[in-house]
Structure formats: structure tokens, C-alpha cells
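Asks: Residues 1 to 270 in this note's numbering are what the first sequence spells out, letter by letter.
Do not take every clue at face value.
Claimed, not checked - Here are the computed lysine-lysine pairs in the DSSO-like style, where the Cα-Cα straight-line distance is at most 27 Å:
id: 1; residue 1: Lys193; residue 2: Lys270
id: 2; residue 1: Lys270; residue 2: Lys240
id: 3; residue 1: Lys101; residue 2: Lys17
Keep in mind that the hints were calculated from the coordinates and are not lab data.
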Amino acid sequence: MPELPEVETIVRGLAGKVVGETISRVEVRLPRIALAPPRVDFAAAVTGERIVGVHRRGKYAVLELASGASLVTGLRMTGRLVVAANARHELPGTHVVLHFKGGRRLGFSDVRTFGRMRLVGSNEAWDEKLGVEPLSSYFTPEAFIGMLSGRTTPVKALLLDQRRIAGIGNIYACEALWEARIRPSRPSGRLTKPAAHRLRRAIVDVLERAIEMRGTSIDDYVDADGLQGGFQNNLSVYGKQGRPCPRCGAGIVRTVLAQRGTWWCRGCQK
DNA sequence: CCGTTGCCCTGCCAGC
DNA sequence: TGCTGGCAGGGCAACG
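All chains should be built: construct the whole structure from the sequences, respecting the hints.
Replies: Below is the structure:
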């Protein structure tokens with residue numbers, strides 16, 4: 001499931017492959033995947049556009065187009081964006097294909113069809129609901145403490161809320177809470193100041209380390225070259241129920257919190 | 001505003 | 001072996 005580090009890795013890979021390319025043809029095989037403003041036809045509007053930049057916002061990959069419009073792709077759980085030289089390497093469940101002049105192509109695939117590729121106009125504030133970028137200078141201890149204070153929501157649910165911090169998903173929420181030695185169910189407002197500082201630091205640390213390892217490949221994620229990441233070998237608690245905690249040796253448990261599987265250590269997360 | 005619930009969808013796998 | 005029911009989960013709409 002692509003979270004911030006996986007989307008960052010995809011975007012870095014795409015930058016060297018698609019910037020400067022002109023989209024000569026667009027295939028939309030599953031129309032509900034490709035969204036556009038009212039009365040705008042996705043394929044017609046995108047055809048002829050040139051890609052002038054690529055960036056990430058939260059868990060979204062954004063292709064910047066020469067007209068000022070953007071193609072915003074949300075990968076959800078199983079979505080993939082992969083550049084290929086030809087049709088031979090096409091992934092199963094490819095729903096949208098951007099063909100470039102010269103023959104290469106960018107395919108968007110998603111077996112579960114939860115992901116979306118959306119064309120947004122230059123003035124469309126598509127990301128106004130998204131919270132702070134955790135790897136930006138705006139994610140200060142003060143900003144984080146402000147989010148936590150007075151709230152009864154379990155701190156893990158707050159980490160997953162994209163309106164507050166953009167880009168953290170289940171894997172990195174679990175890992176950051178373990179690193180900060182904080183119990184996932186702890187009410188946000190009950191974190192001590194040192195705990196809040198530890199957690200902010202842990203979020204930044206775990207995201208940066210995961211980007212260094214090119215993301216976590218549990219079952220579906222691959223980068224823009226179709227290659228797996230390496231952070232799955234560095235996970236401490238995610239998916240590790242029954243295994244010993246790498247820090248204190250107690251057994252890692254799996255509970256359900258905010259409808260999500262939650263892995264943590266009863267021994268050292270308080 | 002805030003928090004919760006249900007829905008979308010298919011691959012996988014435990015259990016029979 | 002073959003089937004099936006339940007689970008996985010990010011974002012969004014609807015609701016209280």
C-alpha cells in the first residue's frame with residue numbers, strides 16, 4: 001500500500017522518465033478510474049499535453065502539465081504507476097495508459113480499482129483538505145502538539161487522518177508509534193510533551209529511512225521501474241504478531257483500532 | 001466542527 | 001481438492 005515513502009520513490013523515478021514527454025495518445029479502459037472536471041473528457045483533454053514536472057503531495061503523485069493542469073493519481077492500496085518501453089511489460093489490471101511520442105508509455109494499474117487518476121484545472125484547490133507535509137519545515141513540534149492537544153481520538157487514528165498530516169498510512173503509523181514507545185490507543189491529548197516530541201521525531205525518522213530504502217513492498221507496491229522496495233526488511237512491528245519486540249523482547253500483539261489492524265508491543269509502548 | 005460508520009473492490013487464505 | 005466466507009484497507013459520503 002503506497003504511503004508517503006512509496007509515492008515519493010515512484011515520483012522520483014517518474015521525474016527522470018516522463019518530464020519533457022508529450023502525451024500523444026490516452027487509453028482509458030475503465031472510465032470510472034479517470035476523472036475530469038464536469039463536461040471535460042479526460043482522454044481528449046490530456047492528449048497533446050506535455051509533462052513539465054512531477055511531485056508528491058501526501059500519498060498523491062502529481063504530473064504537472066504544460067497547460068497548468070495536473071494529473072493527480074491516488075494509488076490507494078494496490079495502484080501502480082509504471083513506465084514501460086512497450087506493451088510487453090504491461091501489468092495486469094492496467095486501466096489507463098498514457099502513450100508518449102517516441103513510443104514509451106506510463107501505465108496506471110490497480111487490480112482492486114480503488115485508485116483514481118484525476119485531471120484537475122490550474123486553479124483547482126484539489127489538496128486543500130490535506131494536512132501538513134511531515135517532511136517539511138511546517139511540521140514543527142509546536143504544530144504537532146497543537147494537533148494533539150485537547151483531542152480524545154486515539155493517537156494512531158490522528159496519525160492516519162490525512163487532514164492533519166498528509167502521507168502516513170497504517171505501516172508507518174505503527175512503526176512510528178513503536179519507535180516513540182507510545183501505545184497506539186493513547187488519547188492524543190494525553191501525550192506528554194516529551195512523548196509528543198519523540199513521536200514527531202519518530203514520524204520523520206521512519207519516513208526518511210523508508211524513503212532511503214525505496215519504500216516497503218508487502219505485496220503490491222513497486223516503483224516507477226516496476227522494482228520492489230526494501231523497507232519491509234526493516235519493519236519492527238507491522239505484521240509481526242507473535243514475534244518478539246526488537247527492543248524489549250515481549251510478544252508483539254495485533255489489535256484493531258479505528259477499523260485497522262494495529263501492531264504494537266505491550267511491553268514497551270505505554 | 002467532530003467523530004463514526006459503511007461502502008467501494010478483488011486477491012488471498014483459513015477452514016471446512 | 002475445491003469451495004466459501006471473511007479479511008485486507010484509503011478516502012469519501014452520509015450521518016448523528
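Asks: Confirm or reject each hint.
Replies: Verification of the supplied hints:
1. Annotation: proposed proximity of Lys193 to Lys270 holds, straight-line Cα distance about 14 Å (limit 27 Å).
2. Using a Cα cut-off of 27 Å, the hinted pair Lys270 and Lys240 holds, with the two alpha carbons roughly 18 Å apart.
3. About 13 Å separates the Cα atoms of Lys101 and Lys17, which keeps this hinted pair within 27 Å; it holds.
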